[in-house]
Amino acid sequence: MDIYPTWEEVGVPSLIVNSIKDASPCPLLDNLIYQLVFKNSRKPQLTFTCDNCGDQFRGKQHDNIAECVSCGSSLIHCNANLKFGKEIPQWTNHAKHSMMKISDLLSQMNSNHLLWMLARKKRINHPYSVNCGWKNDIPYCQFSGGDKVEDNSPRLCVIKAAIVCPWLWDIATDWREEYRDKIFGDHLSPIIAQFASVGWRE
Amino acid sequence: MNLLTEYYRRHGVNYLLPTNESYVFFEDCHETPMLVCLMSTHPRNYNTCYRCQHGSSGIIVEVFSPNRETPLLLTSHIHIKPDDDLLTKVINNFDCSFSPFYAKNYRDIEVWLWRFFISHNRYKSSRSWIAISESIKSKDEYLIATEQMASCALKNPKVYHSYYTMYQSVVSGRNYLLYE
Numbered sequence: 000m001d002i003y004p005t006w007e008e009v010g011v012p013s014l015i016v017n018s019i020k021d022a023s024p025c026p027l028l029d030n031l032i033y034q035l036v037f038k039n040s041r042k043p044q045l046t047f048t049c050d051n052c053g054d055q056f057r058g059k060q061h062d063n064i065a066e067c068v069s070c071g072s073s074l075i076h077c078n079a080n081l082k083f084g085k086e087i088p089q090w091t092n093h094a095k096h097s098m099m100k101i102s103d104l105l106s107q108m109n110s111n112h113l114l115w116m117l118a119r120k121k122r123i124n125h126p127y128s129v130n131c132g133w134k135n136d137i138p139y140c141q142f143s144g145g146d147k148v149e150d151n152s153p154r155l156c157v158i159k160a161a162i163v164c165p166w167l168w169d170i171a172t173d174w175r176e177e178y179r180d181k182i183f184g185d186h187l188s189p190i191i192a193q194f195a196s197v198g199w200r201e
Numbered sequence: 000m001n002l003l004t005e006y007y008r009r010h011g012v013n014y015l016l017p018t019n020e021s022y023v024f025f026e027d028c029h030e031t032p033m034l035v036c037l038m039s040t041h042p043r044n045y046n047t048c049y050r051c052q053h054g055s056s057g058i059i060v061e062v063f064s065p066n067r068e069t070p071l072l073l074t075s076h077i078h079i080k081p082d083d084d085l086l087t088k089v090i091n092n093f094d095c096s097f098s099p100f101y102a103k104n105y106r107d108i109e110v111w112l113w114r115f116f117i118s119h120n121r122y123k124s125s126r127s128w129i130a131i132s133e134s135i136k137s138k139d140e141y142l143i144a145t146e147q148m149a150s151c152a153l154k155n156p157k158v159y160h161s162y163y164t165m166y167q168s169v170v171s172g173r174n175y176l177l178y179e
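Just so you know, the protein sequences line up as chains D and E, in that order.
When the letters of the first sequence are read in order and numbered with numbering that gives the first Met the number 0, they come out as residues 0 to 201.
When the letters of the second sequence are read in order and numbered with numbering that gives the first Met the number 0, they come out as residues 0 to 179.
Next comes chain E alone, as it looks inside the complex (with noise of 0.2 Å):
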């Protein structure tokens, strides 16, 4: 059982208490893959700015959005205080309204992840992927997102290296903050 999330089960609360070293994904209305957000201190962020470079104390907040040239764009980095809330101070500051993805274990944020990758991708449009989707013939969401996986890495090797370098900046030395 996640305490945190428990928590905000049990007190209808609908803030987010941001966490060094972590991530959390946000969705929108129709359960599309949207935003990743990064939380880290300094110097892990991922961009720096005359803050980080003065070392100054504090929550880095960076949100990355889905691109057709990259896999991703950083949105904004924003300097938060461990006990600000992230929806308030961050995310509700977009003009659409995302919700925070909630996982179950590994699988889900792979799955996740490589929706996010390509379903913005201009790759999703080409015949070799046409031709992949095609030759699944798996049901469960997992499998078909590592089939789509293997599949791509073997026939276009370039476009997998895209995904797993997105993958290694997001996952590497980070925690899920949201689990079920």
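Next up, chain D with everything else stripped away, as it sits in the complex (with noise of 0.2 Å):
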């Protein structure tokens, strides 16, 4: 019996996956590893925008203001945005790769595999693995219960074979009780208008 759930499962469609697996190097393959791997969450931003002097405040979700700290006036209005958590090292434009360490990204793996294992009470001797390896001269690699994805770049294989394990998203979009204050904005319409907005590739 598999204990990996499969794609329908968590219910993301086969055409985000296929277009994962695609998918040119981009800032997008960072913002999906830091956002599911590294769990770099979204979290509403306030910004408070005085209507008669013009200044503007940060907040986070639960801040009120009622009063311009400057001018005193209660003409205020709110604006609310998702953004992510902590930072993201973004791409340079020398070697158009990620900044991030392959090394730092297995470690990660390996720690969200033992989270979902416990998360899903499954056994957690179960084995974990990376396969990875070359077939007729482009590499290729797969995480346990990810799909295999083949790419000419060996270091964008092993970002893509991350990504595209149903599992993974199975934790980082799921909603139980104890991560309801937690886990926040971790919808798909957020990721879909991330591929939307650079215009998506079928």
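None of these hints come from the bench; they were simulated from the model.
By construction, the Cβ of each residue, glycine as well, lies at the ideal position given by its N, Cα and C atoms.
Misleading hints may appear alongside valid ones.
What the hints assert, rightly or not - Quick list of the computed label-pair ranges, beta carbon to beta carbon:
#1 Asn46/E / Phe83/D: 22 to 30 Å
#2 Thr4/E / Ser152/D: 47 to 55 Å
#3 Ser106/D / Thr47/E: 46 to 54 Å
#4 Gly11/E / Asp103/D: 50 to 58 Å
#5 Glu30/E / Phe83/D: 49 to 57 Å
#6 His53/E / Ser106/D: 52 to 60 Å
#7 Lys80/E / Ser143/D: 52 to 60 Å
#8 Asp62/D / Ser132/E: 37 to 45 Å
#9 Glu30/E / Gln55/D: 35 to 43 Å
#10 Thr5/D / Glu179/E: 45 to 53 Å
#11 Cys25/D / Arg9/E: 50 to 58 Å
#12 Ser134/E / Phe83/D: 30 to 38 Å
#13 Lys82/D / Ser125/E: 27 to 35 Å
#14 Thr4/E / Ser128/D: 39 to 47 Å
Claimed, not checked - Some but not every residue of chain E turned toward chain D, in silico, with C-beta under 10 Å:
#15 Ile108
#16 Glu109
#17 Asp139
#18 Glu146
#19 Met148
#20 Tyr162
#21 Val170
To be verified - Within a straight-line C-alpha distance of at most 27 Å, the following computed BS3-like cross-link-like pairs (lysine-lysine) qualify:
#22 Lys20/D / Lys103/E
#23 Lys154/E / Lys103/E
#24 Lys38/D / Lys103/E
Join these two chains into a complex; the hints should help.
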């Protein structure tokens, strides 16, 4: 009996999965890695703007500023946006690759796998492995419970293979009562919006 | 277990207490998404009035209904007290009867908002939408909605951007009120 979920069980359509496998090097892969693997989740960021003097103040979800600090006016309106909690290292124009270390990725995936096992009450001594190699001079990579990915760049191959693991999306987008206040905004809508903004390729 | 929902069920009460920075959905008798209700205090409300500008206390309830031109149409803007019943003060004032939507998890909220956006949008009668609907083979409601969203983002990014703008204005910085 296979203990890992399928893409249908975690609610991710095949269109998204295939697009990730075929994606060219882009910052979106970095965003997905830091969002899904390193758990840099989105959090609401509030921006309070004074209509009288134009000053702006930043705040978190439950902050409530009723008066402007500068002029004391109560003409304040607030806009909320979903931002990543921690800054994501950007791609460099020189190397066209992520600045993330593959060793950090592999160790984090190991931790995520253990976390998923504990959350789903699976056997925690289930062997976890990464299957890598070359086939017809093209590198391939596959994590336990994930899809097999082939790419001309070994580094991109490992990055994409880490993203296309259904159990990783299961713990990233799942809602449980104990995580309700911690995981916020981990819906598919923002992820789809990321791809749509840069011209998604089918 | 959601304590508020459990209290309503055990005591058989039919009222809904408003909460700051929260939102709740309402459906009609055919389970069609009809209303989005935002609850906030000044200055978190969506629209301002003369009472909001003077920083009046209480909870501001704003009800949005679907529209063919815009994703959200502000229907009412009411100031109520925290111990007022939302159903009596706001929802029952409409001509039709609406029932609150109880969500099991975040996925239900996402699916409901997408259905709210697409069921009253003129995009639903377009050829590209019909082609998207015919190409989907999933039977699960959540998978169907996510495939529609992904296909819409691929083929009509402006339409998806309109939905995502509505999604951000409703969900960002707020908690859903009624969980099962």
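Hint check:
1. Checked against the given bound of 22 to 30 Å, the beta carbons of Asn46/E and Phe83/D, roughly 29 Å apart, stay inside it.
2. Under the hint 47 to 55 Å, the C-beta atoms of Thr4/E and Ser152/D, about 50 Å apart, fit the expected range.
3. With their beta carbons about 50 Å apart, Ser106/D and Thr47/E fall inside the hinted range of 46 to 54 Å.
4. The hinted range of 50 to 58 Å is satisfied by Gly11/E and Asp103/D, whose Cβ atoms lie roughly 54 Å apart.
5. Distance hint check for Glu30/E and Phe83/D: the Cβ-Cβ separation is about 35 Å, which falls outside the suggested range of 49 to 57 Å.
6. At roughly 56 Å, the beta-carbon separation of His53/E and Ser106/D lies within the given 52 to 60 Å, and the hint holds.
7. Between Lys80/E and Ser143/D the CB atoms are about 55 Å apart, so this pair conforms to the stated range of 52 to 60 Å.
8. Remark: the range hint 37 to 45 Å for Asp62/D to Ser132/E is upheld by a beta-carbon distance near 43 Å.
9. Separated by about 42 Å at the C-beta atoms, Glu30/E and Gln55/D satisfy the suggested range of 35 to 43 Å.
10. Look at Thr5/D against Glu179/E: about 25 Å separates their beta carbons, and that is not inside 45 to 53 Å.
11. Take Cys25/D and Arg9/E: their Cβ atoms lie about 52 Å apart, and the range 50 to 58 Å holds.
12. A hinted range of 30 to 38 Å for the beta carbons of Ser134/E and Phe83/D is consistent with their spacing of about 33 Å.
13. Between Lys82/D and Ser125/E the Cβ separation comes to about 33 Å, which falls inside the hinted range of 27 to 35 Å.
14. A hinted range of 39 to 47 Å for the beta carbons of Thr4/E and Ser128/D is consistent with their spacing of about 43 Å.
15. Interface restraint check: Ile108/E against chain D, minimum CB-CB distance 8 Å, threshold 10 Å, status holds.
16. Interface hint status for Glu109/E: upheld, as the beta-carbon distance to the closest one in chain D is roughly 5 Å, under 10 Å.
17. A least Cβ separation of about 7 Å between Asp139/E and chain D falls short of the 10 Å threshold, and the interface hint therefore holds.
18. The restraint placing Glu146/E at the interface with chain D holds, with a minimum CB-CB distance near 4 Å, inside the 10 Å limit.
19. About 5 Å separates the beta-carbon of Met148/E from the nearest beta-carbon of chain D, less than 10 Å, and the hint is met.
20. At a threshold of 10 Å, the smallest CB-CB gap from Tyr162/E to chain D is about 8 Å, leaving the interface hint in force.
21. For the restraint placing Val170/E at the interface with chain D, the shortest Cβ-Cβ distance is roughly 7 Å, inside the 10 Å limit, so the hint holds.
22. With a C-alpha separation of about 31 Å, the suggested pairing of Lys20/D with Lys103/E is violated against the 27 Å cut-off.
23. Annotation: proposed proximity of Lys154/E to Lys103/E is violated, straight-line Cα distance about 30 Å (limit 27 Å).
24. For the hint linking Lys38/D to Lys103/E, the alpha-carbon distance of about 23 Å falls within 27 Å, and the restraint holds.
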